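Novice: Just so you know, the sequences run in chain order A and B.
Heads up: the first sequence begins at 1 in the UniProt record's numbering, then just goes up one per residue.
Heads up: the second sequence begins at 1 in the UniProt record's numbering, then just goes up one per residue.
Derived by calculation from the structure, the hints in this document are not laboratory data.
Quantities reported herein were computed from a predicted structural model and do not represent experimental measurements.
Even for Gly, the Cβ is constructed at its ideal location relative to N, Cα and C.
Treat the hints with care, as some may be off.
What the hints assert, rightly or not - Some chain A residues close to chain B (C-beta under 10 angstroms, calculated; not the full set):
| id | residue |
| --- | --- |
| 1 | I51 |
| 2 | G93 |
| 3 | A241 |
| 4 | D243 |
Claimed, not checked - With a straight-line cut-off of 20 angstroms between C-alpha atoms, the simulated EDC-like cross-links for lysine to aspartate or glutamate are:
| id | chain 1 | residue 1 | chain 2 | residue 2 |
| --- | --- | --- | --- | --- |
| 5 | B | K93 | A | D239 |
| 6 | B | K33 | B | E189 |
| 7 | B | K96 | A | D243 |
One-letter residues, chain by chain:
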Amino acid sequence: MNPNYLDFEQPIAELEVKIEELQLVGSDAEMDISAEIENLRKKSTRLTEKIYANLSAWDIVKVARHPKRPYSLDYIPRIFTEFDELHGDRHFGDDKAIVGGIARLDDRPVMVIGQEKGRAVKDKVYRNFGMPKPEGYRKALRLMEMAERYKMPVVTLIDTPGAYPGIDSEERGISESIAQNLAVMSRLATPIICIVIGEGSSGGALGIGVGDHLAMLQYATYFVISPEGCANIIWKSSDHAPDAAEAMGVTSTVLEDLGIVDATIPEPLGGAHRDIDMMAQRIKEHISEQLSALDQVSLDDMLERRYQRLMSYGN
Amino acid sequence: MSWIDKILPAGVRKSESSDRASVPEGLWKKCVKCDSVLYRPDLERNNDVCPKCDHHMRIGARRRLDIFLDEDGREEIYADIEPVDRLKFKDKKRYKDRLNAAQKSTGEKDALVAMSGALSGMPVVAVAFEFNFHGGSMGYAVGEKFARAARQALSDGVPLVCFSASGGARMQEALISLMQMAKTSAVLERMKQSSVPYVSVMTDPIYGGVSASLALLGDINVAEPDARAGFAGPNIIEQTIRQKLPKGFQRSEFLLEHGAIDMIVHRNDMRATLARILAKLTDQAPPAEVISTELELAEDGELQAGEQAVRALDD
Numbered sequence: 001m002n003p004n005y006l007d008f009e010q011p012i013a014e015l016e017v018k019i020e021e022l023q024l025v026g027s028d029a030e031m032d033i034s035a036e037i038e039n040l041r042k043k044s045t046r047l048t049e050k051i052y053a054n055l056s057a058w059d060i061v062k063v064a065r066h067p068k069r070p071y072s073l074d075y076i077p078r079i080f081t082e083f084d085e086l087h088g089d090r091h092f093g094d095d096k097a098i099v100g101g102i103a104r105l106d107d108r109p110v111m112v113i114g115q116e117k118g119r120a121v122k123d124k125v126y127r128n129f130g131m132p133k134p135e136g137y138r139k140a141l142r143l144m145e146m147a148e149r150y151k152m153p154v155v156t157l158i159d160t161p162g163a164y165p166g167i168d169s170e171e172r173g174i175s176e177s178i179a180q181n182l183a184v185m186s187r188l189a190t191p192i193i194c195i196v197i198g199e200g201s202s203g204g205a206l207g208i209g210v211g212d213h214l215a216m217l218q219y220a221t222y223f224v225i226s227p228e229g230c231a232n233i234i235w236k237s238s239d240h241a242p243d244a245a246e247a248m249g250v251t252s253t254v255l256e257d258l259g260i261v262d263a264t265i266p267e268p269l270g271g272a273h274r275d276i277d278m279m280a281q282r283i284k285e286h287i288s289e290q291l292s293a294l295d296q297v298s299l300d301d302m303l304e305r306r307y308q309r310l311m312s313y314g315n
Numbered sequence: 001m002s003w004i005d006k007i008l009p010a011g012v013r014k015s016e017s018s019d020r021a022s023v024p025e026g027l028w029k030k031c032v033k034c035d036s037v038l039y040r041p042d043l044e045r046n047n048d049v050c051p052k053c054d055h056h057m058r059i060g061a062r063r064r065l066d067i068f069l070d071e072d073g074r075e076e077i078y079a080d081i082e083p084v085d086r087l088k089f090k091d092k093k094r095y096k097d098r099l100n101a102a103q104k105s106t107g108e109k110d111a112l113v114a115m116s117g118a119l120s121g122m123p124v125v126a127v128a129f130e131f132n133f134h135g136g137s138m139g140y141a142v143g144e145k146f147a148r149a150a151r152q153a154l155s156d157g158v159p160l161v162c163f164s165a166s167g168g169a170r171m172q173e174a175l176i177s178l179m180q181m182a183k184t185s186a187v188l189e190r191m192k193q194s195s196v197p198y199v200s201v202m203t204d205p206i207y208g209g210v211s212a213s214l215a216l217l218g219d220i221n222v223a224e225p226d227a228r229a230g231f232a233g234p235n236i237i238e239q240t241i242r243q244k245l246p247k248g249f250q251r252s253e254f255l256l257e258h259g260a261i262d263m264i265v266h267r268n269d270m271r272a273t274l275a276r277i278l279a280k281l282t283d284q285a286p287p288a289e290v291i292s293t294e295l296e297l298a299e300d301g302e303l304q305a306g307e308q309a310v311r312a313l314d315d
């Protein structure tokens, strides 16, 4: 099995292998096989379209966790310029699972905060697999309050398997750190745009996820508990994770219907990892549009709208 | 029938088929902590705290509010809020059926009861979680009732007291449950900005989404003795870090030691303590002496006789 492709993508992987082989042959063979390669390419695209048109909730969970899925640090330099990373919560430490700093979106200064899972194994360990501890949420809070003081919009990129479940996390008050962010973000006097770029897992995601606009990438997921966790509790077996994913409605389609997610940003065919530049461009355009829309609203109206929106969840 | 059955009240008599190790329901109850056999009327007079070992037993939402609020002037509020199954969630059973069963067995519409009333003559709004309803989990109905009760406290300018006991966000309402964290935190932040006091009393157990929102946002955070509270459950943490958790982890003493709560308050002192604190926060004269809830144990002799009688049954 090709690890760059997910299980349901293996037919595509097989075609891609054929194309690669033909290309190798083509370079030193006499006969012209470019027509055949072109043919296979079209076939591969059609197959990808077909497979991606019928993804189950569980398939989408897998795309959101794809090992090649772009992370915050892949997007930040492509969306923003002049990113100056800022570190530390000023109390305990600097959490590497949350990155944040001041950047520009075109000309405009913005505060960017994103969860970062890390790519290579060493990097993943360094980033604690994108699982923030209290100091991560407190760093985010510090930066958001700074953004409020300097009238910079806040953009958050959500991608975490959850807040870190560990002894030190509990000792330093992981619950309080998340709760505090929810409270302050509900009234922070500057526009907040939240985008789920990969995996939005529960309170750990929500801890940087309250704002004026919530968007999800097409194959991102957002859930109150991981499908495996839900299956373990309700079905007593993680084998039922696909059923749990379906039942909880973890995708943007369902969450838009529920009125929780405002917009879905379409991904390139086969997922964001197939064309990171294109994905970053689309995210950038989306942020710009939303900020322009929010610029038209007075601060008081924006905050009242944000509050009423929070009060309406589930109605 | 043996001689001892003849002298015991009907409710205590054991039927032939019953398990000999169990303590019969009725006048006697075994403490889950110290195994003492307790005379029910004594236990009730002591607010369901074991008179032998001081173990605070779990109590329902209505009993909680009953022993907390003044007898006069209580009124249940927002009793008509019903849970909503927006996702038509189904696992082995339908969520709707699970809700019906929980409503039947508890007599509650969902896991939160709200009342307006008085504490030592001071008007308050008080809410309590019903742990027997889906583990006190927070979905739309709990979040909505909490938010409305808090908004009432805010508009009336009277303190809010919440007794939480909850496993966390309710999985069957998925992201709607998660968003109740943001909803409840947002209204509590408005209270904070308006200097309307909020006291959060944590009672065993509080985890997940309730811990990471309303339970830790009090002006004053209080816990009952030996209550467990945390973000991640001990099993999850042990699985993640692959080591045993220290003794007392996530218990009230741990929370106090790590700065998450202001104090541990014995159930029998709850009324007096909170009345004293709230009177100061709202700049009122010290409250009239709080009705003593001192325990009035039955004569020691009586208790021992009862204990011996039940022990004899067990032999």
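Novice: Please go over all the hints and tell whether each is borne out by the structure.
Specialist: Tested hints:
1. I51: This interface hint is violated because 26 angstroms lies over the 10 angstroms limit.
2. G93: Since chain B brings no Cβ nearer than about 16 angstroms to A/G93, farther than 10 angstroms, the hint is violated.
3. A241: violated, 12 angstroms
4. D243: With a minimum Cβ separation of about 7 angstroms from chain B (threshold 10 angstroms), the hint on A/D243 holds.
5. B/K93 / A/D239: Cα-Cα ~17 angstroms, so holds.
6. B/K33 / B/E189: violated, 38 angstroms
7. B/K96 / A/D243: Cα-Cα ~17 angstroms, so holds.
Consistency with the previously given hints fails for numbers 1, 2, 3 and 6, ordered from lowest to highest.
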